[in-house]
Amino acid sequence: MDDARARFEIVYRETYGRITAYTVRRCASPQDAADVVAETFAIAWRRIGELPDGEEAALWLYGVARKVLANHRRGEFRRQARNVRLDTEMADLYGASPDSGVELRAIAQIFQSLSDDDRELLSLVAWEGLDRQEIAVVLGLSRNAVRVRLHRARRRFARALAEADVRFTSESRLIPAERQL
Amino acid sequence: MRNIDDIDAITRGLARVEPGQPGGRPSDAGARTLLASITAEEPGPSAARPRGRRLRRPVLALAGAGLLAAGIVVGPSLLRSGVSPSYAVTRDSDGVVYVRVRDFRDAAGLSKQLKELDVPAVVDHAPAGTWCREPRGTHVQDIPAGLYSVPESIPGEESARGWQMRIDTKLFKPGQTFVWTIGEKATSTILMSGPVAPCVLVPDESHEPKEYTSDYRLATTKGRSLSGFRVDEKTVGEVLPELRRRGLKVTYVVMAIPPGNPGGYGELRTQDTVGDDWIVWEAEELIRDPRRVRLLVTDRRYDSNPVYGGPRDSLIEE
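Those protein sequences? They're chains X and G, same order as listed.
No gaps in the numbering here: position 34 of the first sequence is 33 in numbering that gives the first Met the number 0, and each next residue is one more.
No gaps in the numbering here: position 82 of the second sequence is 81 in numbering that gives the first Met the number 0, and each next residue is one more.
In short, the hints are calculated from the structure, not lab data.
Remember, it's a predicted structure, so these values are computed and weren't measured experimentally.
All residues carry an ideal CB built from backbone N, CA and C; glycine is no exception.
Any given hint could be a false lead.
Said to hold, decoys possible - Cβ-to-Cβ under 8 angstroms is the rule here; a few derived chain X residues that face chain G:
(1) ARG24
(2) ILE47
(3) ALA107
(4) ARG151
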């Protein structure tokens with residue numbers, strides 16, 4: 000029992016930063032993020048026997064967080080007891096968000112118009128910095144399926160950006176289109 | 000069309016928490032409160048399962064034992080009929096090779112494909128009633144974890160007889176060879192180092208699954224010595240008092256579990272005593288003397304019952 004607790008605490012310490020970042024990047028509000036983080040780690044504790052060690056633990060937790068998020072969006076959710084400090088800590092992360100200029104908002108809207116699957120693939124690469132093999136583990140897909148789907152997701156995002164006429168310079172600085180989006 | 004880097008850069012710009020940066024800190028008050036509230040509850044049921052270093056040893060020991068277990072696992076699927084004559088060997092860019100075997104006679108074909116993909120392997124086919132004369136080379140004892148998986152069904156073809164396995168060619172050391180012998184009813188996969196003698200077929204029945212005429216039978220079912228008492232997934236300490244109460248004489252079969260516990264087991268040895276914390280997966284009684292019972296045990300808990308490849312209830316109705 001104490002073994003389990005010690006093991007869980009190590010995984011918690013090592014993955015908390017990444018799992019909270021993952022969650023905050025995908026939740027609309029700090030309270031939602033706090034709920035998803037709490038439920039994700041609560042599930043990991045209940046399923047400690049399945050929780051892998053080392054780097055695999057973070058991938059496994061990403062997979063759990065992803066499912067918790069999906070349930071959350073569907074309204075199927077175990078509400079956690081409010082942890083006010085956790086809410087505040089999550090809110091701080093929202094405060095530190097990148098500038099939400101007009102151009103970024105335009106891009107964000109286009110990004111939001113992609114399917115959940117496309118968004119998740121693009122985000123796992125660009126936000127969590129995972130490689131294909133790691134994404135394959137998180138999503139329970141083959142590496143090859145990840146490669147193909149990622150290629151298609153990037154193509155769809157590029158096409159949607161092109162259709163919206165959002166241009167950017169060689170430094171990837173985002174420049175909005177002339178017209179209103 | 001923008002290139003990949005552009006798209007990823009655009010996506011990165013949308014991240015709320017900057018990519019590469021952690022979100023919250025586990026040392027913050029809210030994070031510590033959360034940890035405390037989660038671990039204040041009892042953990043999940045398999046929490047007692049030992050992890051890490053302790054977990055690896057038996058797996059390696061088993062692999063070193065020559066993968067008898069893989070032969071056992073493959074056996075049943077080879078008994079089914081219906082041939083679609085092909086091998087498929089594919090190699091990832093990171094050196095992982097997937098081998099799919101659907102035909103069990105064309106050893107030369109498989110050998111050739113493996114060679115083309117730089118897998119150091121020797122494949123021989125042993126017709127029914129024969130096997131390659133042993134020993135053929137030095138068995139490697141310290142097989143790296145992850146070198147290969149036990150054979151499993153080909154996805155989408157679960158009912159067919161073929162199987163696939165995964166080999167990580169990066170983990171071969173110089174001079175090592177994978178030696179496969181594909182029989183009619185069993186396959187052995189042994190990692191050897193140094194020269195490997197060619198296969199000389201000799202009469203040999205030992206690699207064929209035997210007609211199962213065990214001296215033992217299930218003890219935990221109606222009318223048997225442990226009728227009404229379930230032993231599966233309990234510890235030895237939990238079941239012993241009831242066995243003593245019923246006046247049964249107990250021995251233990253230490254099970255050999257193949258890597259990944261895909262279902263199925265071998266018998267490592269029989270012992271008169273084991274630790275009270277060992278896990279019991281089933282009990283059998285000697286047919287000619289049902290007062291003598293043997294418990295099928297492992298020294299640690301697995302996430303599914305190896306005897307049944309899952310919970311006993313999924314196979315045995317009470």
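Identify every previously stated hint that the structure contradicts and give their numbers, smallest first.
Structure breaks hint 4 only.
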